[in-house]
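Visitor: Given the coordinates of chain A, assemble chain B onto it according to the supplied hints.
2 protein chains.
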Amino acid sequence: MCGALFKKLKLKTTIVRAWTRDEENMSDHDEIKFNLVEREDYTLVQFDLENIISPDSLKSLAPPKVDGRKGVVLSGRGPIWLYCYLTHFYHPTKFIAVYDPRISGGVIVESHTPNHSVGDVIKVDIE
Amino acid sequence: MCGALFKKLKLKTTIVRAWTRDEENMSDHDEIKFNLVEREDYTLVQFDLENIISPDSLKSLAPPKVDGRKGVVLSGRGPIWLYCYLTHFYHPTKFIAVYDPRISGGVIVESHTPNHSVGDVIKVDIE
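Taken in sequence, the protein lines are chains A and B. Mapping the first sequence onto the numbering used here, position 87 (from 1) lands on 87, and the numbers just tick up by one. Counting from 1 along the second sequence, just add 1000 to a position and that's the residue number in the numbering used here.
Bound conformation, chain A alone (with noise of 0.2 Å):
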């Protein structure tokens, strides 16, 4: 039964494309695609950069909403800023891990729960 339900929620995956505002001069510059991968204990939040992206891109960029009730771990190759924009965008959850390739895990960098601590690193399945 459990195992059902954790095979369903990993398999249920939502991508999202945020567009800059004005959506009729979109060029691929501005394009970031997201890909939302639901855990049991967090929203895996992937993006993808088509093309290197602006400042300017953050004025107008909505990020797919998640469950607050669970943490979100960052994934994808993109600037700095990003990562710190998208930090503060999912502050209203649970906890906020960042992927870090090189050790194969999520980071916690900010926790609202006892179950994790900053500093942490949790296992991360990336597809």
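Bear in mind the hints are in silico, worked out from the structure with no lab data behind them. Just so you know, not all the hints are guaranteed correct.
Stated by the list, open to error - A short, non-exhaustive set of chain B residues, derived as facing chain A with CB atoms under 10 Å: (1) N1051; (2) P1055; (3) P1114.
Stated by the list, open to error - Heads up, simulated SDA-like pairs for lysine to any residue below, C-alpha to C-alpha not over 20 Å straight-line: (4) A/K59 to B/H1112; (5) B/K1059 to A/V121; (6) A/K59 to B/S1117; (7) B/K1070 to B/I1126.
Stated by the list, open to error - Covered, in the sense of this in silico footprint (three residues per stretch, anywhere, with C-beta under 8 Å from a C-beta of chain A), are these stretches of chain B: (8) 1079-1093; (9) 1119-1126.
By construction, the Cβ of each residue, glycine as well, lies at the ideal position given by its N, Cα and C atoms.
Guide: The following block gives chain B in isolation, referenced to the frame of chain A:
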């Protein structure tokens, strides 16, 4: 008068070393050097890692306090999760920007003042 004050502010720097909780067992691996530079509108928080740090370092890190009536600009070479940790740590300030050497400016990632919007790039003097 203002010029002299600005010059004074520009020149005021503070160097702070942050160690792990157990300083007796401190190794070079755990050391992060912080350097604060006071500017009129923000505090430049520069960090320098003498060695590679582990996520565990975050557990005992005590970054220097800053004046919350000003913004913070983060600068240094380090892992993304350190930047995300610092973004949350300096949340109770006017704004937070990340210095990006590729654009020679600070990208605002979080703002609590109408003077700066997220996505704006501010001029940052890096010494």
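Visitor: Let's test the interface hint: is any C-beta of chain A closer than 10 Å to that of B/P1055?
Guide: 4 Å, holds
Visitor: Against chain A, run the beta carbon of B/P1114 and see if the smallest gap drops under 10 Å.
Guide: 14 Å, violated
Visitor: Assess, step by step, whether the Cα of B/K1059 is no farther than 20 Å from the Cα of A/V121, and give holds or violated.
Guide: 11 Å, holds
Visitor: Is B/K1070 within 20 Å of B/I1126, Cα to Cα?
Guide: 17 Å, holds
Visitor: Examine the region 1119-1126 of chain B for residues whose CB is less than 8 Å from any CB of chain A, and state whether their number is three or more.
Guide: holds (count 3)
Visitor: Return the status of the interface hint for B/N1051: holds when the least beta-carbon distance to chain A is below 10 Å, violated otherwise.
Guide: This hint is violated: B/N1051 lies away from chain A, its Cβ roughly 15 Å from the closest one there, beyond 10 Å.
Visitor: Verify the proposed pairing of A/K59 with B/S1117, using a straight-line Cα cut of 20 Å.
Guide: 8 Å, holds
Visitor: For the region 1079-1093 of chain B, do at least 3 residues have a Cβ located nearer than 8 Å to some Cβ of chain A?
Guide: holds (count 9)
Visitor: For the pair supplied as a hint, A/K59 and B/H1112, is the alpha-carbon distance within the 20 Å limit?
Guide: Holds, because 15 Å separates the two Cα atoms, which is no more than 20 Å.
Against the hints set out earlier in the document, violations occur for numbers 1, 3.
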